[in-house]
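Residue numbers (my numbering), protein chains in the order written: chain W, 1 to 109; chain G, 1 to 109; chain R, 1 to 109; chain B, 1 to 109.
Since the hints were derived computationally from the structure, they do not count as laboratory data. The reader is advised that the hints may include incorrect statements.
No copy is singled out in the list; a pair is fine if it fits within one copy or between any two copies.
Claimed, not checked - Mimicking SDA-like on lysine to any residue, the simulated pairs with C-alpha atoms at most 25 angstroms apart in a straight line are:
1) K93 with D53
2) K98 with L77
3) K47 with H24
4) K100 with D78
5) K104 with W20
6) K74 with R18
7) K105 with R13
Protein chains: 4
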Amino acid sequence: MSDIKSLTDALLRFRDERDWQQFHNSKDLALAISIESAELLELFLWKGNEEADRQRIKEELADIMSYCLLLAEKQGLDVKDIILDKIEHNKSKYPVSKAKGSAKKYDEL
Amino acid sequence: MSDIKSLTDALLRFRDERDWQQFHNSKDLALAISIESAELLELFLWKGNEEADRQRIKEELADIMSYCLLLAEKQGLDVKDIILDKIEHNKSKYPVSKAKGSAKKYDEL
Amino acid sequence: MSDIKSLTDALLRFRDERDWQQFHNSKDLALAISIESAELLELFLWKGNEEADRQRIKEELADIMSYCLLLAEKQGLDVKDIILDKIEHNKSKYPVSKAKGSAKKYDEL
Amino acid sequence: MSDIKSLTDALLRFRDERDWQQFHNSKDLALAISIESAELLELFLWKGNEEADRQRIKEELADIMSYCLLLAEKQGLDVKDIILDKIEHNKSKYPVSKAKGSAKKYDEL
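So here's chain W without its partners, still in its complex pose (with noise of 0.2 angstroms):
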């Protein structure tokens, strides 16, 4: 078995014990997302660019691809194919001919 395969089963089975499928609509899923993508933000609040706590990345982290994970499987996607088929897309949205050493925006290239 795939490791995102038996990672998304471990937090159904997570879930499910837990009687919560009943909240995890998908809108609510994608405030969750935000909400931990702010707390991993606040870590590297008025500090340098790398002085943030490793131990509070790591669970933040975790949260954050946790409830990917989940709205993945809510929404039927897989998630190795999404990110393989957004690296396509970037290829075309970023050439390397155009992109290298830029930090620009796709529409400012």
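Put chains G, R and B on the given structure of chain W with help from the hints.
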């Protein structure tokens, strides 16, 4: 090779072909995760819980998870381990006996 | 009339001419505030602390504050009062003797 | 004195008594706005549109608006002007004839 490892490798290859490693400090990766999460959230704005466009959910989820994988890699974190650790941690924060069927936060249970 | 009152009135007039009150429940207004805040954040992505475009900061700040004024109005909150109350509250959370020159959160002081 | 001016003055006084101006660069103020916005959002997580705690909405709105006022002041922006300008701008993006009763984004109208 695991899924997560092969996705991370594809993301690093995409990044390095464009010389973008120089921009990818941990703080800005955390910003990118929050920004992409809000783009996901926007798909649900003024809408019902399941009314967002699935194609766009797919793309925004891919963006969020891509930056999460890049930040995990930068911090030397194993995504599988950190999610499994967090599930274990949450089992004690949210024991089935207290949390079943409740959407309350652990400190209100 | 106070500035805040006249701004709120202008926002309500804009909203009501478009029959948008029906969409403006408190939860979606909170989503809108988060989404606009992330658009502000994006202006700083991969950039130095003072490198964002001032014209766009202006527009995003206006959007965030507009939704804040609309949510305050919906909740029957007086913006001036709630900010002054919060400053008083923060004075005890962050006493000058402890907080001076420190960026720590109150629970780490 | 206008109420926005007097609130900004109170916030600056609070900040300067603690020597916090050194931390308040524009990028971190934008982070703070996003973080506080997500704290507001969290009050609605797994809840109906009007089920959040009003006392806590009050506090989070105050935090968001305080950081907005501080960023506006740092950028030399007049809050009243920028909101009135944005309303004018939105009048052309969302003409009543097209936008009435519709929650669509301007580029989908």
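Okay, the hints, checked on the actual structure:
no.: 1; hint: K93 with D53; verdict: between (34 angstroms within a copy, 21 angstroms between copies)
no.: 2; hint: K98 with L77; verdict: neither (31 angstroms within a copy, 32 angstroms between copies)
no.: 3; hint: K47 with H24; verdict: between (34 angstroms within a copy, 11 angstroms between copies)
no.: 4; hint: K100 with D78; verdict: neither (30 angstroms within a copy, 28 angstroms between copies)
no.: 5; hint: K104 with W20; verdict: between (41 angstroms within a copy, 11 angstroms between copies)
no.: 6; hint: K74 with R18; verdict: within (17 angstroms within a copy, 34 angstroms between copies)
no.: 7; hint: K105 with R13; verdict: between (40 angstroms within a copy, 19 angstroms between copies)
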